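Asker: In case you want the letters, here they are:
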Amino acid sequence: MSEELTRPFEALPESCDVLVVGAGIMGLATAHHLARLGAGRIVVVDQSYLCSGASGRNGGGVRAQWASEINIGLMKRSLALCADFATEMGINVWFRKDGYLFLARNEKRRAELEGSVALQRSHGLPTRMIGPAEVAAIVPELDVGRVVAASYNPDDAVVFPWPFVWGYARSCQRQGVEIFPFVEAELETENGRVAGALLRSRRTANAGAEHRIRAGLTILATGAWSPEVARPLGLELPNHPHRHEICSTEPLKPFLGPLVADLESGLYFSQSMRGEIVGGISNNRVPDGLDQRSSLRFLGLYARELTRTMPILGSVRVLRQWAGCYDLTPDGSPIVGRVDGLGDLVLLCGFMGHGFMMAPIMGLLTARHLMKGEEQELFDRWSLSRFERGELLAESMILG
Amino acid sequence: MKDKTIVCRCEDVTLHQVDEAMARGHRDLESLKRYTGFGTGFCQGKQCVALCARLLVERGGDPPTRPITPRPPVRPLALADLALLVEDEG
Ligand SMILES: Cc1cc2nc3c(=O)[nH]c(=O)nc-3n(C[C@H](O)[C@H](O)[C@H](O)COP(=O)(O)OP(=O)(O)OC[C@H]3O[C@@H](n4cnc5c(N)ncnc54)[C@H](O)[C@@H]3O)c2cc1C
Chain W
1 MSEELTRPFE ALPESCDVLV VGAGIMGLAT AHHLARLGAG RIVVVDQSYL CSGASGRNGG
61 GVRAQWASEI NIGLMKRSLA LCADFATEMG INVWFRKDGY LFLARNEKRR AELEGSVALQ
121 RSHGLPTRMI GPAEVAAIVP ELDVGRVVAA SYNPDDAVVF PWPFVWGYAR SCQRQGVEIF
181 PFVEAELETE NGRVAGALLR SRRTANAGAE HRIRAGLTIL ATGAWSPEVA RPLGLELPNH
241 PHRHEICSTE PLKPFLGPLV ADLESGLYFS QSMRGEIVGG ISNNRVPDGL DQRSSLRFLG
301 LYARELTRTM PILGSVRVLR QWAGCYDLTP DGSPIVGRVD GLGDLVLLCG FMGHGFMMAP
361 IMGLLTARHL MKGEEQELFD RWSLSRFERG ELLAESMILG
Chain V
1 MKDKTIVCRC EDVTLHQVDE AMARGHRDLE SLKRYTGFGT GFCQGKQCVA LCARLLVERG
61 GDPPTRPITP RPPVRPLALA DLALLVEDEG
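Each protein sequence line maps, in turn, to chains W and V. Just so it is clear: in the first sequence, position 318 is 318 by our numbering, and no numbers are missing. Just so it is clear: in the second sequence, position 50 is 50 by our numbering, and no numbers are missing.
Think of the hints as simulated: they come from the structure by calculation, not from any bench. No experiment lies behind these values; they were computed from the predicted model shown. Beta carbons: idealized from backbone N, C-alpha and C, even for Gly. Check before you lean on any hint, since a few could be wrong.
Not the full set, but computed from the structure, chain V residues with beta-carbon under 10 Å of chain W [claimed, not checked]: (1) L29; (2) P63; (3) L77.
Partial selection, computed: residues in chain W whose CB lies under 8 Å from chain V [unchecked claim]: (4) E4; (5) L5; (6) Y49; (7) E184; (8) K253; (9) P254; (10) D291; (11) S294; (12) G300; (13) R304; (14) S315; (15) R317; (16) Q321; (17) G390.
Between the sequences and the hints, there should be enough to build the whole structure, so can you do that?
Answerer: Have a look at this one:
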């Protein structure tokens with residue numbers, strides 16, 4: 001087989017066992033595990049280049065500090081998979097395990113963090129509450145004047161996202177999964193079930209060329225685009241895209257250990273293995289819908305809060321800013337699994353602003369669920385029908 | 001040692017890496033950027049984008065209709081200065 005990671009439009013087959021729409025980290029991780037479990041002929045299509053979606057635009061934060069049992073349990077496993085990824089896949093992902101520090105600026109937040117820490121510890125995590133003095137010992141450059149306490153898990157980490165995408169793509173290709181970038185899918189139904197898709201080329205050379213593919217199973221891993229992709233099926237998804245901006249500075253000598261996060265302002269920042277300070281902040285004034293443009297206002301909001309939190313960064317220069325879309329759901333939890341009434345359609349979306357860290361474990365569990373019927377409880381809890389049943393979930397440690 | 005002709009000075013990307021990326025099927029400018037990292041360093045592509053685009057086309061890749069998406073700011077700006085942008089907001 002050729003070494004080409006991706007395939008040209010002309011090579012699209014007439015049919016496949018599994019069609020994965022979306023070659024972000026979710027789609028690729030799932031395809032990788034499906035191939036391992038012998039799911040047959042797997043085709044992955046993406047309307048743009050690999051890394052074009054949120055998977056190529058995120059902050060690379062991976063943490064097990066969560067406030068709900070389900071997220072703590074899953075992320076503990078995902079972190080372990082991230083730690084082994086480089087060795088297993090033979091690609092450097094710049095994994096750096098120096099922890100996450102969640103700052104509390106008031107007593108209410110301190111109490112909340114304490115509750116989460118207790119839950120995390122009961123799951124065997126080494127997270128602990130620390131006071132301002134210890135915060136200052138871990139990150140001396142922080143202004144701890146406004147910090148009442150913090151939760152700290154030294155095992156949380158940051159990675160560089162792109163090589164995760166390449167790693168999964170490479171492993172997919174080696175296992176015979178066919179990946180087609182610049183191919184847009186429009187799902188098609190037959191007798192009330194999703195039977196495949198009409199595929200359209202988006203390469204300049206043959207833009208608009210069409211090809212119909214039949215699929216035994218179709219997985220919608222289209223992140224923030226999912227409501228748009230599902231709509232023609234008459235399927236209204238409750239998630240919606242929300243632009244999230246991020247930026248990085250000129251590289252500095254390594255000095256900052258953990259990723260620092262503040263749930264009050266939504267500020268988070270870490271130092272990448274390349275030395276840059278990478279971070280973002282909540283911004284509730286963003287244009288509706290799928291929008292990946294950068295704004296000056298974001299730089300202002302971020303710079304103001306960052307220089308208050310760590311004044312010494314004032315003279316450091318911002319090199320580049322970019323944006324991507326969060327895939328927000330009404331209750332902060334994903335939407336996964338088969339859709340009642342649409343037979344062979346599987347949703348794998350609604351991962352908010354934390355789907356990157358979830359992908360290693362969710363790819364594995366989704367494949368096991370589909371191939372072996374495992375993990376039914378998780379897929380019930382995170383199903384689309386929970387919204388009809390009114391069984392909404394809760395998670396308070398959401399950033400951005 | 002293989003080819004050591006530098007095509008992106010900031011990120012130390014070589015001609016050999018461009019060839020390798022293309023051999024792996026990265027046939028458009030954005031994919032090539034993501035795979036090799038050219039244009040993501042200090043000059044933000046000002047020195048290398050045109051060269052990489054030419055190398056791509058010479059090797060039979062998709063002719064770019066525009067440069068890679070520009071990432072603001074045009075020139076590096078200090079955080080202390082940027083913080084003043086929203087001074088008037090509470
Ligand atoms: C700025 C930012 C920072 C973030 N920081 C973090 C973080 O620190 N940690 C973390 O865990 N998560 C973070 N996230 C969230 C994380 O990036 C996402 O949750 C995750 O990447 C989602 O992966 P995905 O594969 O579901 O979606 P995506 O990567 O968005 O992939 C979906 C793909 O579907 C394709 N597509 C859409 N429609 C079609 C169609 N009709 N046909 C074919 N293809 C289609 C798109 O082109 C896209 O490539 C961040 C997100 C952003 C934007």
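Asker: Please go over all the hints and tell whether each is borne out by the structure.
Answerer: Hints, verified against the model:
no. : hint : in the structure
1   : L29  : holds, 9 Å
2   : P63  : holds, 7 Å
3   : L77  : holds, 5 Å
4   : E4   : holds, 4 Å
5   : L5   : holds, 5 Å
6   : Y49  : holds, 4 Å
7   : E184 : violated, 15 Å
8   : K253 : violated, 15 Å
9   : P254 : violated, 18 Å
10  : D291 : violated, 13 Å
11  : S294 : holds, 5 Å
12  : G300 : holds, 3 Å
13  : R304 : holds, 4 Å
14  : S315 : holds, 6 Å
15  : R317 : holds, 4 Å
16  : Q321 : holds, 6 Å
17  : G390 : violated, 37 Å
In summary, the structure is inconsistent with hints 7, 8, 9, 10 and 17 from the numbered list given earlier, while agreeing with the others.
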